[in-house]
Amino acid sequence: MQIDGVTIADTFAEAFTMRAARVVITAKNARWARQAATTMTGFATSVIGCKCEAGIERELPEHETLDGRPGVSVLLLTIDKDSLPQRLIERLGQTVLTCPTTACFDGLPDAPDRLRVGKALRVFGDGFQASKVIGGRRYWRIPVMEGEFLVAETFGMQKGVGGGNFLILAEDADSALAAAEAAVEAMSQHPGVILPFPGGVARSGTKVGSKRYANMIATTNDAFSPTLRAITESELPDGVNSVLEIVLDGLDVPSIEAAMRAGIQAACRPGVRAISAGNYGGKLGPHHFPLRRILGAAAPA
Amino acid sequence: MSDQVVLTLRAPLAHRLEADAIVPDRFPALGARAIAALPVWYSGRPAALGDFFTVTGERSERVLVQGDLAWAVGLGAGMVGGELVIEGAAGRDAGAAMAGGVIEIRGTAGDNAGGALPGASRGMTGGEIVIRGTAGVDTGARMRRGLIAVTGDAGQGTGRGMIAGTVVIFGAAGSGTGRWIKRGSIVSFGALVRPASFRYACTYRPPHIRLLLRYLATRHSLPVTESQIAGRYHRYSGDLAELGKGEILEWAGA
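Residue numbers (the working numbering), protein chains in the order written: chain A, 17 to 317; chain B, 325 to 578.
Calculated directly from the structure, the hints in this document are not laboratory data. Don't take every hint at face value.
Claimed, not checked - With a straight-line cut-off of 25 Å between C-alpha atoms, the simulated BS3-like cross-links for lysine-lysine are:
no., chain 1, residue 1, chain 2, residue 2
1, A, Lys135, B, Lys506
2, A, Lys135, B, Lys569
3, A, Lys44, A, Lys223
Computed from a prediction, not measured in an experiment: that's the story for all the values here.
Make a model of the complete structure from these sequences and hints.
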């Protein structure tokens with residue numbers, strides 16, 4: 017299968033079930049909402065080293081937020097449901113509560129699993145905090161030097177999907193980066209999906225474990241590392257000299273598939289030889305995303 | 325089961341009608357005849373609801389009451405859910421001690437709306453009361469939780485002794501408003517004479533007011549302006565003769 021001369025490998029991306037929360041941050045203007053969201057989602061590329069994965073889902077216009085201010089929707093995912101509330105408490109407490117003019121709302125109000133994040137954060141108010149029930153939902157008003165920080169008492173938690181991915185195999189680093197940028201641009205319009213790596217792109221894909229260091233749970237993906245082509249079991253086709261990976265997390269499988277479809281199609285451009293994907297033989301993750309099936313679903317009859 | 329139960333007053337009331345049987349959350353289990361048979365007291369004598377109202381519909385927790393009910397006492401008192409719309413004036417104790425649901429009064433509300441029943445330490449503990457008109461004295465007195473919005477003026481002692489909750493007054497507030505509150509918010513857009521035991525804290529844009537007023541505008545179609553939603557408010561803490569964790573928020577313009 018080829019798209020614009022780019023080979024689509026007959027393989028699949030393998031992803032895992034995670035636990036997800038959606039946080040809606042509003043602020044006086046889009047700049048400060050974006051600032052809070054950017055800070056909150058910093059150092060959240062991979063659960064391997066960051067304990068969670070987070071990213072900006074999309075920016076929200078005034079009419080889509082509860083308080084009528086510009087907002088940003090953030091997704092945060094963890095491997096297990098026990099750690100999700102703690103990650104939220106840490107990050108909201110350190111990055112959103114501290115950011116001027118922000119307020120923080122639950123983006124999954126219908127999720128039955130509730131995490132008492134705002135209720136935990138309220139104690140920052142040292143007894144001066146106050147709650148308000150508005151429209152059947154409780155919010156906490158936490159006094160701060162600027163004025164007040166408003167935060168929802170609970171946030172919804174639902175199952176999510178982490179680790180959707182595809183690899184851009186290109187003739188050179190510039191072509192790989194240009195294709196990755198085009199993919200990210202195309203995928204950023206899709207709700208329910210985040211790209212947790214810097215700018216949505218990872219240059220250091222991993223394999224499970226290590227061939228040399230017993231304490232490493234993930235090490236460089238030597239099979240796709242061009243500089244190791246001659247000394248390892250390389251999976252790189254001839255002419256490929258640089259590979260970049262797009263990693264996706266999302267709220268459900270259809271969202272991941274739709275974003276992958278858009279991203280791969282955008283990445284098929286001059287200088288790209290093939291699109292592949294990372295998997296573990298299908299034995300670890302319950303969610304499989306066969307590239308050709310995903311793209312075939314969008315192809316004209 | 326019908327979409328709503330409509331109670332239409334047959335003739336104007338001349339005496340006090342104890343109407344605390346009109347509680348929407350009880351109506352889903354009742355047919356029209358059972359609703360008409362609900363006990364009331366009129367001028368101190370026992371009677372049935374059907375003696376005064378025509379009952380249309382059954383088994384619904386949405387109840388519309390039509391007529392001038394200024395003599396009807398305790399409409400929706402103690403309700404825990406459902407929706408009660410009063411198309412006209414309501415007598416005293418409407419929504420007293422309610423714990424949930426919504427009461428909308430499209431007219432004047434009598435005294436003690438959302439307040440406490442005689443001898444009780446707490447007024448309403450949840451739910452919402454929207455009064456599209458003026459409210460009597462002691463509106464929301466001793467309320468523990470919930471929301472009361474008054475589009476017109478509110479009487480003396482509004483929110484008196486509040487434990488928590490929110491009262492929004494779009495008109496003028498009577499004397500003694502907020503006196504002895506422990507927690508809770510009184511939001512004022514009209515003239516208000518603060519008790520001396522409130523102290524000025526700051527002028528700011530409370531983030532929860534944005535949420536609250538937008539909610540009132542969308543859920544209850546109250547005529548809230550953008551300058552009120554995004555406006556500045558003087559915050560007065562009180563009652564300092566009590567716990568002091570309550571507040572009066574006076575709108576200070578855009």
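Here is what the structure says about each hint:
Restraint check: the Cα-Cα separation between lysine 135(A) and lysine 506(B) comes to about 21 Å, which is no more than 25 Å; the hinted pair holds. Among the hinted pairs, lysine 135(A) with lysine 569(B) is consistent with the structure: their alpha-carbon atoms are about 18 Å apart, no more than 25 Å. Taking the CA atoms of lysine 44(A) and lysine 223(A), the gap is near 43 Å; set against the 25 Å cutoff, the hint is violated.
Of the hints listed earlier, the one the structure fails to meet is number 3.
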